[in-house]
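Chains as they are written, first to last, in my numbering: chain A, 336 to 665; chain B, 336 to 665; chain C, 336 to 665; chain D, 336 to 665; chain E, 336 to 665.
Nothing false has been slipped in among the hints.
Calculated cross-link-like contacts (lysine-lysine; reagent style DSS-like; alpha-carbon spacing at most 25 Å):
| # | chain 1 | residue 1 | chain 2 | residue 2 |
| --- | --- | --- | --- | --- |
| 1 | E | LYS646 | A | LYS646 |
| 2 | D | LYS646 | E | LYS646 |
| 3 | C | LYS646 | D | LYS646 |
| 4 | C | LYS646 | B | LYS646 |
| 5 | A | LYS646 | B | LYS646 |
Please keep in mind that the hints were generated in silico from the structure rather than gathered at the bench.
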Amino acid sequence: EQPCDDLVEALEWIGTSEMTWIEVRGLDDVDSLRRMTDRLGLHGLILEDIVHLHQRPKADPYDDHLFIATQALQQGETVETQQISMIVGNGYLISFRNALDEHIEPVLNRLRAGQEHIRRNGADYLAYALLDTVIDSFFPVLESYGETLEDLESEVLGLNEEDGMQRIHALKRELLMLRRAVWPQRELVNSLLHPETPFITRNTRVYLRDCYDHALQLIDMIEVYRELSGGLLETHLAATSARANEVMKVLTVIATIFLPLSWIAGIYGMNFDPDVSPLNMPELRWFFGYPFAWLLMLGTAAALLIFFHRKGWIGRKSFSRREDAHGQNE
Amino acid sequence: EQPCDDLVEALEWIGTSEMTWIEVRGLDDVDSLRRMTDRLGLHGLILEDIVHLHQRPKADPYDDHLFIATQALQQGETVETQQISMIVGNGYLISFRNALDEHIEPVLNRLRAGQEHIRRNGADYLAYALLDTVIDSFFPVLESYGETLEDLESEVLGLNEEDGMQRIHALKRELLMLRRAVWPQRELVNSLLHPETPFITRNTRVYLRDCYDHALQLIDMIEVYRELSGGLLETHLAATSARANEVMKVLTVIATIFLPLSWIAGIYGMNFDPDVSPLNMPELRWFFGYPFAWLLMLGTAAALLIFFHRKGWIGRKSFSRREDAHGQNE
Amino acid sequence: EQPCDDLVEALEWIGTSEMTWIEVRGLDDVDSLRRMTDRLGLHGLILEDIVHLHQRPKADPYDDHLFIATQALQQGETVETQQISMIVGNGYLISFRNALDEHIEPVLNRLRAGQEHIRRNGADYLAYALLDTVIDSFFPVLESYGETLEDLESEVLGLNEEDGMQRIHALKRELLMLRRAVWPQRELVNSLLHPETPFITRNTRVYLRDCYDHALQLIDMIEVYRELSGGLLETHLAATSARANEVMKVLTVIATIFLPLSWIAGIYGMNFDPDVSPLNMPELRWFFGYPFAWLLMLGTAAALLIFFHRKGWIGRKSFSRREDAHGQNE
Amino acid sequence: EQPCDDLVEALEWIGTSEMTWIEVRGLDDVDSLRRMTDRLGLHGLILEDIVHLHQRPKADPYDDHLFIATQALQQGETVETQQISMIVGNGYLISFRNALDEHIEPVLNRLRAGQEHIRRNGADYLAYALLDTVIDSFFPVLESYGETLEDLESEVLGLNEEDGMQRIHALKRELLMLRRAVWPQRELVNSLLHPETPFITRNTRVYLRDCYDHALQLIDMIEVYRELSGGLLETHLAATSARANEVMKVLTVIATIFLPLSWIAGIYGMNFDPDVSPLNMPELRWFFGYPFAWLLMLGTAAALLIFFHRKGWIGRKSFSRREDAHGQNE
Amino acid sequence: EQPCDDLVEALEWIGTSEMTWIEVRGLDDVDSLRRMTDRLGLHGLILEDIVHLHQRPKADPYDDHLFIATQALQQGETVETQQISMIVGNGYLISFRNALDEHIEPVLNRLRAGQEHIRRNGADYLAYALLDTVIDSFFPVLESYGETLEDLESEVLGLNEEDGMQRIHALKRELLMLRRAVWPQRELVNSLLHPETPFITRNTRVYLRDCYDHALQLIDMIEVYRELSGGLLETHLAATSARANEVMKVLTVIATIFLPLSWIAGIYGMNFDPDVSPLNMPELRWFFGYPFAWLLMLGTAAALLIFFHRKGWIGRKSFSRREDAHGQNE
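The following block holds chain A by itself, in its conformation from the complex (with noise of 0.2 Å):
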C-alpha cells in the first residue's frame, strides 16, 4: 500500500508481489495515463474509454487482459454517476477513477482493509469486490426513490393536478435513468459469468453469481416501482377527474335548484294587468298569493333536492366525509 506519484513507475510492482493493486486517482493527466497504458500494452481504444467519463458499462477481453468499465451511483443533491474503469491482468489489477469522486472513497477503505483476503483471492476477486460496491451503491438510491414513491401515494389524493403530474414525472423519469443505468450493468456481470471469459476464476464467479442476483433483484425492484408510479399517474387522474365531476356536481345541484326557483319568481313578476281581465295573474291578489308563491318555489327545492339525494349526488355520508379528508390535506 504505497502512493506513488509516477503511473510508470508504479507498473514495476507488478509481478513482485502474488497480486498487485493500482489504484489511479485523477484522470487529468492523460499524458501519464498514455504513458502507462503504453507500457503495458493496451489498445488505444482503452485509453480512449477510461477518460471518456461517459461510457456504457461493459467488459470487453483482450489477449492478455480484461477491461472493464463500469458506472457507480453517488447521491448528493442530486444522483450522480462516477466512472470507474478497471484493466485485470495476470497478478494485477489497475483501477481508475475520477479524483474528485469522494464518495466512494470510506468503501474502498473497506475494501483496502481486507486486502489480506483480497491477495489471496487475486485480482479477479478484488473486480469483483469493485463491481459489488458499484451495484451496491444503486440501492440506497433506489429506496430513496422508493421513499418518495410512498410520498407521492399517501399524498396522491390532494395534490393539485399539474404539480402532482410534475412530481410524478420526475419519478418517472428517474426511474427511467436508474432503469438505463442497471441494465447494462447486469449485462456486465452476465458476460463475466461467461465461462469463456478469460480472467476470471472460477471460484470467483461463484461472488459474481450473487453480484448478478443483486443486479436482477434492482431491475425487479426497478420494474415494480415503474408500475407503481404507472398506476400512481392513474390514480392521480382519476382524484382530479373525480374533483371536476364534484365541481361539475355543485354546478348542477344549485344551477338546476335555483333556475326553476327564478323563473317562479320571474312569473310573479310579470306585468300582466289584472284589472283588465280576471284571468291575468288572479294569484297577484290572491290573500295567500305571496305564500303560495313561496310554497311553489320551496316544493319544486325540495323535491329536486330528493331527486338529487336519490341519484347519489348530495348527502352521501362516504361523499362528505371523503370530502372533510380532503379538505385537512389540501
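Go by the hints and put chains B, C, D and E onto chain A.
Relative to chain A, chains B, C, D and E alone:
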C-alpha cells in the same frame, strides 16, 4: 426423526442412513449455523443467503451440493413471504427456515408422515416435495385475489370514483407483487429441470416437470388476473365518466328548459308603458294575456322535452332502469 | 371395436393387433383407472393428471410411452373445456375423457369410421387425429366471437356508455381466456414436432406440421380480434365522449343565447322612475320602446346564432344527418 | 411454353428439358389435381393446402420436393389476397393459382419473358422470382395506406369526432391485417434462407437474402405506420377535446358575464316601496339612477372581460387565427 | 490519392499497393458502374443495391468480398439520409456515394489525412472508420432532438392544446424515424462482429466493438427520449385538462353565486299586491326592506364563498401563484 439442539452434532447422522433430513428451524443462532456450514465445507455466500431473508429464489450448484433458496407465501392478515433454504447433497438434505413461521408446519408434517416414501426416493425428491409445497402455497393467495377481483367486478358500476380506483389499484399492486414472486420460482424449477443440474436424479425430474406445470399455471392465472383488473379499471373509468355525463345531461335538460322560460317571464316583466303607445306590450292588457304567456312557456318546454326525448337524453326505459339499479347499488 | 367394462381386461388386447385403441369414457371409477395404470406401469403423476380435469395442455415423454393431456372446447350456452388425455405407446393408444362430454362424440365417430386408415398409420397418427380434432374445436368458438365483434362494431355508435363497455369487455375477457387456452396447445404440438420426441414417427410429424399451422392461425386470429376489440373500445369511448360533447354544445348554445336575452328583458324590468329624470329609462315611454326591445333581443340572438354557425356548432348537414342515424339506432 | 389442358399429361414434360415450369391456373378441377399430385407422389396434405385458399404462408420440405404456399395482395376496390402455391422439385416447378386472379398476370408475363435467364438458374430461382413478385405486391398496398395516413394527418384538426375516429380505426385495422399477412412471408423466406432447406441452391439464397430484406423493410414500414396512426389517434382525441374545451370556454365567458349583469338588472326590478322609507331603493329616484345602473353593469362586464383576457381565454391572436383556420377546414 | 474519371481504369490500381481505396462519388453513370462491377465479378444484386438509394443497412458476405450498405444522417433544415455502400475485398475497399451529399466531405477528409494509419490496418479498418463516421453522424441529430425535448418540457404548461400536441407528436415521429434508422445499423455492426464474417480481421473487430457500443448508446438514448416524450404528452394532456377544470371552476363559482342572488332579486320583483293581504310581500313596505334584501343576498354570497374556499376552489395561494406563472407563460 429426532429433535437435536446442536446443529454440528446433527451432521454426524449424515451417512448413517440412506437419506438424512436435517430441518433447521430458527436462523438467529448464526454462530451455530456458521459452525455447521463450515463443517460441511459450504461456501461463505451460502450462509449469508440463508440468514438474509429476502433472497430471490434461486438454485446455485456447487461441487458437492446444490443450494436452493425459495420463498413460500403465508396468508394471514397480509400476505407474507417466508424463506426456505435447502442444501441438497449426497444422501442428505438440510432445510432452513425461520422458527416463527408456523404456517407451513402442517404441510411439513404431512411430508414427514410420508418420509418412508421420501427415504426411498432420496434427498432430491424431498427437495422437490418442499418446492412443490412452496409453489402450492401461492394458489390460495391467488384465489383470494380472484375473489377480490370478482367482488370488484360485481360492484364496479356502483363504486365511488376514487374509492374504486384505489381498490382496483391495490389489487393490481398485489398481483404485481405476486407476479414478481412467482417468476423466479419458475426459473428456479426450470433450472432444476436442465439435465446438467447435479444432484437431481432423472426420476425426480419427472416430478419437477409437474411442479413446473404448476408454476406455469400460476403465471398464466396471474397474467389473466392482471389483464382482467386492467379491464376493470377501464370499466370503472367508463362508469364514472358515464355518471359525470349523466350529471351533465340533467344540468343541460334543466337549464335548457328553464332559461327560455325565464326569458319569457322576463319579457312580460318589462315595464314599457302601454299608455304611451299601442305597440308597447299590448299583451299585458289582452284578456287572455296571462294564459297566453303560460301557453308560450309550456309550449316551449314541451318542444324542448320532445327534442331531448328524441336525442335519447330523457325518458329512455333502459336508462332509467339502469339508474334504479344504481340507486340500489350505491 | 369392442365395448368393454373392465379396463384392466381391455389391456389384454394390446399387442393382439397392429394397433389397439382403448377409449376410456368416464373418469369417476378411479380405482379401475389406478389398477389399469399400475398394470401398464405408468408413473403415479399420470393418473393424477388424467383425473384432475384442468391440466395445462402438455406432452410428457416417459421411457416407454408418451403422455399427452389437452383441452377441447365445447360451445353450448357457455364455452366449456373438456380434457382429453392420451397415452401413446408401442402399438396402442389409450384415450381418457369425461363420460358426460357428448359433444365430441360425432367427431370421434368419424375417426372410428376411418380406423382402417388409422390402423395402418399407427398410434401416433391416431394421437395426431385427436389433437387435430381438439384444435379444430377452437375454430367455431373463435368464429362466434368474430360475429360478436362484428355485431358490436356495427352497433358501437349507438351503444349506451356502460352497456357497450361491458359487452366489449366481456368479449375481451373471452378472447383472453381463449388465448390462454390456445398457447399451450401450440406449445404441445410444437414439442411433438421436435425430432427427439419419442413415439412420434417422421410420417406423423408431417401431419402435425399441419396441425401446428392451424394452431398458429388460431393465435393469429385471436391476436387480431384482441386488437380489433381494443380499437372498438376506443371507438366506443370516442362515441360516448362525442355525445357528451354534443350535450355540452346544446347547453352552451341555449344558455349563451338566452342569458343575454334574459338580461335585456331584465333591464327593462327595472323600476327606475322615469318621472324623476329624463335619463331614467326613457325607452319605457318611447313609442317604439317595446318593438325596440324585441329588435335588440332578436338581433342578439341572430348574432349569436351566426357565431355558432361559423364555429360549426349548429346547422351542419353532416352533423344533423349523423344525429338522425343515432336517433334510429338507439 | 405450351398450353396444356391435361395436368397429368403435362407432367410428362418434366425431365425433357433442364427446367420445366408447369403453371396450373384454376383450382376447381380437384379430380385432375388429385391425379396429378398422386402421379408426382405428393403427400395428401399438399393437395388440401393447394385448394384450401387461406393458407398461412409456409414452406414445407418433403423428401423429394419442397412445397411453398404464399399469398399475394391484389388491390382493387378492396385489398384481396390470392394464394400461390408451388412445388419445387428437381428440375421442375409447378405453380398453382386461381384462374380468376388476373391481376398478377402482367407480372408473370415478365417472368415468362425472362425464362431464358430462369432456365439457366433452375427451379429454385423461379420460386424466388415468384416469391419476390408476391412480396413486391405488398408495396403498392402499403403506399396507398401511407397516402391515407398523410391525408388523415393533414385533415385531423378538422375532423368530426366519430368520423375521424372511424377513419383512423379503419386504417389501423387495415395495417393490422397487412402486418398479419407480412409476418409469415418473412418467416417463409427466412426458412428458405437456412442452409439446411433442400432444393434451394446457394446461388438462389443470395437472391432470397434480397427478398428477405424487402420483407424486413415492409415490416419496418408497417410498424412505423402503426405507430403514426396511433399518434394520429391521440392528436385527433386531443383536437376534439380542445374543441370541447373551447365550447366550455364560450359558455363560461358568456354565462359569467351575463349572470352578474342579470342580477344587477334584477335588483333594480325589485318592488321595494321607496315611499315607505328613504332606505328603500333610493337609486330608483336618483337623477342619474338609470345611467348609474348601466355603469354598474358595463363596469362589471369590463372587469370580467379583463379577467378573462388575462386568463388567456379571449382575444388571443393565436387562438382566433387558429379558429379561422378551423372555420375554413370544417 | 488520385482523381480518376474512368471507374474501370481505377480498378487497375488494386493490387499495386497494400491497400487501395477507390471512392466513387456520384451514382448517375450506371453504365460505368456496371462495367466496373462486372470487371470485379460482383453479383448483379450489388449494383442494384448501390444505385437504389434507400437500402436497409446490411452486410452481405460474398465469396471474395463483403458488401456493406449503410445510411448516414445529414442534418440540414430537415434530417436527410445518404447512402454509403462499400465493397470490402482483399487489399481494396470501394466506397460509393451520391456526388451531391457534400456534408460528409470534411469527415472523409479527416479519414484521408489518416490514410497512413489506415493503410497499415487494411481495408476492413477503413470500412470500420466509415461505419464509425456514419454512426457518429446520428449523435448531433439526436442531440438536437434532446434540445427540442427540453424546450418542450419547459414550455409544456403554457402550450396551446393542439399546438403542443402537434409539436410533441412531431418529436415522437422523428424519434420513431431515428429509431427505425438506428436498429439496422446496430444489426449491421453486430453481424460484422461475428467471428465467421469474412474480410473482417480480429484486430478490426476490437474497433467494431467500440462502434457497436456507440450504436447501443444511441438506441438507449432514443428509447429514453421516446419515454420522456411519452411522459411529456401525458403532462401536456394533464395541463390542458387542468386548465379546462379551472374554466369549469370559474363557471361554477360565478354561476353558483349569482343564480341564488338573482332568485332573491327575482322574488322581490314579484308583483303580489300588498294591498290585498298583509301576507303579500310585506317586506316591500318594511322600513329596512331594501337593506334586508341586500343583507340576504350578501349573506348568501358570503356563505357560498366560504363554502368554495373550504373546497379549495378559490383563494388558495398556490393556485393563484400558479395562475400568475401561467399568465406570464402564455
